[in-house]
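Start from the sequences and build out the full structure, keeping to the hints where you can.
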Amino acid sequence: MGIRRAYIISLIVSMTSCNWFDPFDIPIVEDDFKSVSYFLPLDNDSSVCFLSRFIDVFDQTSSEAFDYCAKVHSSENEIVSCGNMSADTSSVWVETGGFSGIHPGDTIYLEIESTEFDVISSYTIAPESALINSYSMTSRSYYNGSKYFDELVLELLDPSVKSEAYMLQLISHVDTIGAPSPAIRSMKSDDPNMIRRSFGDKLLDNALFFDDSFWQGGSYTFHFRSRSMVDEGVPYHFTLLVHSISYDMYKFFYDLEASDMTGYFNGGSFAVHSNIDGGHGCFGAMNSTQVLLFP
Amino acid sequence: MKYVVQIFFCLLTCSTAYSQSNYSVAGKVLSNDNEAIYHAVIQYDSNSAFTDEKGEFEIQYDGNLILKISAIGFEDLIDTLHVNHDMDVVYLLNEVSHEIGQVVIEEEGRRYENTKSLNKIETSEIKLIPSAAGMSDIYSTLKTQPGVQSNTEGQKGLVIRGGNYDQSTTYVDGMPVVGSSHLFGLLSMFQTDCIENVKLFNGYKPVKYGATLGPAIEINLKEEFSPEKISEGSVKSSFLSTQVQSKVSDENSFFQFGLRNSNLFLIQDLINQAVNNNEARIITPVYRFSDISFKASYLFNKQKLQFLYLKSFDGVDYNIDFVGEERIYLNTMSWNNKAASLNWSYYAEGGATLNAELVSNTYNSLLYSNHRITYFDTDINDQIWRNSLSEFDNTIDNLKSTFTVEKVDAKGRLFHTGVQFKRSDVSPESFEYWEDEPPTDSDEFSGNTQVNTYSGFVEISGDLMANSAFKIGIRSSLFCYDDESEFHTNPRVLISSDVTERFGFNFYSQMSSQDVHLVTLNSFGFIPELWVAPSKTKPIERSWTTGLKLNYTGESTSIFVDSYLRGMSNLLEFSENVDFNQNTSEIVENEITSNGQGAVVGMEFSLKSNYEKFNYNLSYAFGKSSRLFEDLNQGNAFPFAFDIRNDISLVLGYKINEKLSISALYTHSTGRMLNISNQVVPIGFTTPLGGAYTQWVTYNQPLNRNSYRLGDVNRIDLSISWFKEVEYGKYSVQLGAYNVTNRVNPYSAIVTIDEEGNQTIEEVGMMPILPNLTISLEWE
Chain A
1 MGIRRAYIIS LIVSMTSCNW FDPFDIPIVE DDFKSVSYFL PLDNDSSVCF LSRFIDVFDQ
61 TSSEAFDYCA KVHSSENEIV SCGNMSADTS SVWVETGGFS GIHPGDTIYL EIESTEFDVI
121 SSYTIAPESA LINSYSMTSR SYYNGSKYFD ELVLELLDPS VKSEAYMLQL ISHVDTIGAP
181 SPAIRSMKSD DPNMIRRSFG DKLLDNALFF DDSFWQGGSY TFHFRSRSMV DEGVPYHFTL
241 LVHSISYDMY KFFYDLEASD MTGYFNGGSF AVHSNIDGGH GCFGAMNSTQ VLLFP
Chain B
296 MKYVVQIFFC LLTCSTAYSQ SNYSVAGKVL SNDNEAIYHA VIQYDSNSAF TDEKGEFEIQ
356 YDGNLILKIS AIGFEDLIDT LHVNHDMDVV YLLNEVSHEI GQVVIEEEGR RYENTKSLNK
416 IETSEIKLIP SAAGMSDIYS TLKTQPGVQS NTEGQKGLVI RGGNYDQSTT YVDGMPVVGS
476 SHLFGLLSMF QTDCIENVKL FNGYKPVKYG ATLGPAIEIN LKEEFSPEKI SEGSVKSSFL
536 STQVQSKVSD ENSFFQFGLR NSNLFLIQDL INQAVNNNEA RIITPVYRFS DISFKASYLF
596 NKQKLQFLYL KSFDGVDYNI DFVGEERIYL NTMSWNNKAA SLNWSYYAEG GATLNAELVS
656 NTYNSLLYSN HRITYFDTDI NDQIWRNSLS EFDNTIDNLK STFTVEKVDA KGRLFHTGVQ
716 FKRSDVSPES FEYWEDEPPT DSDEFSGNTQ VNTYSGFVEI SGDLMANSAF KIGIRSSLFC
776 YDDESEFHTN PRVLISSDVT ERFGFNFYSQ MSSQDVHLVT LNSFGFIPEL WVAPSKTKPI
836 ERSWTTGLKL NYTGESTSIF VDSYLRGMSN LLEFSENVDF NQNTSEIVEN EITSNGQGAV
896 VGMEFSLKSN YEKFNYNLSY AFGKSSRLFE DLNQGNAFPF AFDIRNDISL VLGYKINEKL
956 SISALYTHST GRMLNISNQV VPIGFTTPLG GAYTQWVTYN QPLNRNSYRL GDVNRIDLSI
1016 SWFKEVEYGK YSVQLGAYNV TNRVNPYSAI VTIDEEGNQT IEEVGMMPIL PNLTISLEWE
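Keeping their order, the protein sequence lines are chains A and B. Here the first sequence stands for residues 1 to 295, numbered as in the numbering used here. Here the second sequence stands for residues 296 to 1075, numbered as in the numbering used here.
Derived by calculation from the structure, the hints in this document are not laboratory data. Don't take each hint at face value.
Unchecked claim - Taking beta-carbon pairs under 10 Å as the criterion, some of the chain B residues facing chain A (in silico):
#	residue
1	864
2	893
3	894
4	896
5	928
6	932
7	974
8	981
9	984
10	991
11	992
12	995
13	998
14	1002
What the hints assert, rightly or not - Covered by chain B, per the in silico footprint, the following chain A stretches (three or more residues, Cβ under 8 Å):
#	stretch
15	21-29
16	32-41
17	45-56
18	83-94
Yeah, the Cβ is synthetic: ideal placement off N, Cα and C, and Gly gets one too.
Here you go:
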């Protein structure tokens, strides 16, 4: 066998090496990355769009201020609000009261523009409204050995064959003269299908959220409870907010809860779902239904 | 299993021996000083002959004769003769000054290693390289080779050419061993006294080695036969370990036994003192290891039967107590190896060698953590302290049977062919939960755990022209797993040319497949690892390597430059949102991202030289290793955890006199990559209470995967050795230190709180200064 033939064979072997990419071509995402959190309540007159910068916790340096505008639009509406970011965080009120004619399944677009960065964009799908079949509440009916809890029951019907997601929030009202202001209340459930939004610790009272994957096409009765904070005999009631949320919101909240439990030593790295193009975070929409619950 | 044993014993009993000896080969074995070497061993087929007082021997033979000539104090020599008439031959053996026997490292050695081997390290150089144990160790030597990364303090195996440590396999007398290290890769699990020679196949890899994507390290344990009964041994003790080795041999049988146990408890206080340089936390690292090896060989009727047993254990307790807060990390790691093999060889007439081998080995790795950390309790609306438990426990059982035939034809070409069956059972286990909320039911892993591999291979090597040689091989494997089957054909080729007497080059290219996968997470703390068998969504991994190596060999200097490319496919990584708070089946199914690619570009340089009593080895490796997964890092390429750009080793040795020598090793290496989220994302929320009340909270978000590079590794090791020969043998003393500057090189990182109360990343290391005083006694 001649040396030339041997090299030809070698070359063929090399050419069979099919997979390859340039190992030096590693795009680095800049530290000055923007984050958006905008949960658009479709039935409110106004909403808040939050814009922030990523923060390096180990190297904090001040950033330049800049102006920006948030544009929310659908096929029929367009609303623009502008603001200024002088620190790492900012928010802008968007007058979405005139944002009418949005139906479940419609697409809503968000664009944030500034001379300081490329456009940040996103879109979300308007969710179906929650179909509440029944609800009830019993006062101080659950005792865990040291504390009393009010038990709540909510039955939902699945409004469509599509994937839907929901979030529950609870507001308590004491119905006496001179009573304290209404307050958001923590909820707890033994139902593994309901996820507690404990992210945010004491800064955000936890909500419960879930999707409809386990009751698709039918109905489901949710049982949950809240600690009784009112003395016995004092009149009070709850407002239960049943938010039908876009699925991007559900995935965003889900990932926030799914961080590594042990956190710092083994693992600790996780990526949170984002539907923001050109940044990170979540743009979602929600339809809210209020239920008044009296003992 | 029953059939494999039946086939094995059938081969053993069915072999017939017949021979004819028509021609005389009269030989003489001399030293370089032309002095006759008495009792040199001449091995051929299954027979052995010995030189007389004049250094002469005689063999009757017909056909192609492969001779292996060895003598105590001299390098082995292998030669091939075509015996078709009576002939006289003279062999000159090179003297070695090392007492532990020949230990060489070769890369891409050709079939005839004695004449055309590349990148060879003499035994005297091995002795020069200081080891953490204060005794010569093959891992310490391998890590001074370019391409074998020295920044692996804290890893369980060798990291070579941009792959994880599962990609390189150590074969001990042909028996594959997983995770063959002690002390997180500082030492090998093999006592140097038990080793005959070592070969590193960094580029081209023989076809018989094919179960992993990367290089192969071939460790051949000692095996010597002598006309008289010989009994030798040694006992060595240092602060790190005590070891005993003994061997007994005669004309037909050889037995070797090695035992080692760590002594690190002797310097525990020193270790504690050395690693604790931050008053905010107290680290307590406790290391222990042990190993045992036993080898028995027996020659009979042109056959050889060999039994080998290896067992090793490593255990580490690594606890961190954060002073001033309740936070405590308790960690326990261990890894164990148990391996046994039965090997039968038949040396047929005409130079053919038949070999059958049955191997069984078990590897287990465990990481258990109990961390006391804060948890926000929404019932009381406040932080509380809780203990989180996590464990990663993996066991791999391998059963492998191989049958090979090796023969040299009339033109001097070597044919090597064989068939192989391998069955691997992989049992991953993982859990993570709060100690006060234990899971109610146990988890049985429901994924695939088994892969059967049926392989056939053939390799031909010989001369191309006067100054060139080739090796060309192909290895085909059928992988059966999880009701799936994959057929892989992996060609490989090596061309070696000597352009001039001193200058030559090698070109090599090959493909490989790997059936068992290792998935690791390089983030904070220890490295969780899961070993998984292939499945429908995690098919067999593949790789290719192509390289060109230029080498120069002078009288006292040898240089090589090796440039290579590697590509890999079907790689696995933990997903970006990995959540270990699930059962093992869910983690393997949902938290591992598959179908990744790998690309590596590298260049290796080696310079070895000596001048009178002074010698030095300089090694440098540049590498870029990246990974590309569609579902990771926004679909962009990212650095591999062991993307070590620069790796330098410099060994200096000086022989003060015949009995006293001093040596030093300097190592510099770029730090490895961690996937740490140092970026936090502030997000705003409104509350349903209305008004202008908003609330900002933050979460961690990795912008670029594996973007945090640990600090560089810099280390100096020193050693001074002295020996004295006595009537019954020799005793020696070695004094030295690993990491003499006590620069605790970073192994990983933890989050800690600085003096101003801010979160900060603190890099932590495993190995402080390790002084060693070794006292050895060898007897004959």
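Going through the hints against the structure:
no.: 1; hint: 864; verdict: 4 Å, holds
no.: 2; hint: 893; verdict: 8 Å, holds
no.: 3; hint: 894; verdict: 4 Å, holds
no.: 4; hint: 896; verdict: 6 Å, holds
no.: 5; hint: 928; verdict: 9 Å, holds
no.: 6; hint: 932; verdict: 5 Å, holds
no.: 7; hint: 974; verdict: 5 Å, holds
no.: 8; hint: 981; verdict: 5 Å, holds
no.: 9; hint: 984; verdict: 6 Å, holds
no.: 10; hint: 991; verdict: 6 Å, holds
no.: 11; hint: 992; verdict: 4 Å, holds
no.: 12; hint: 995; verdict: 7 Å, holds
no.: 13; hint: 998; verdict: 4 Å, holds
no.: 14; hint: 1002; verdict: 8 Å, holds
no.: 15; hint: 21-29; verdict: holds (count 9)
no.: 16; hint: 32-41; verdict: holds (count 4)
no.: 17; hint: 45-56; verdict: holds (count 8)
no.: 18; hint: 83-94; verdict: holds (count 3)
Hint check: no violations occur; every hint is consistent with the structure.
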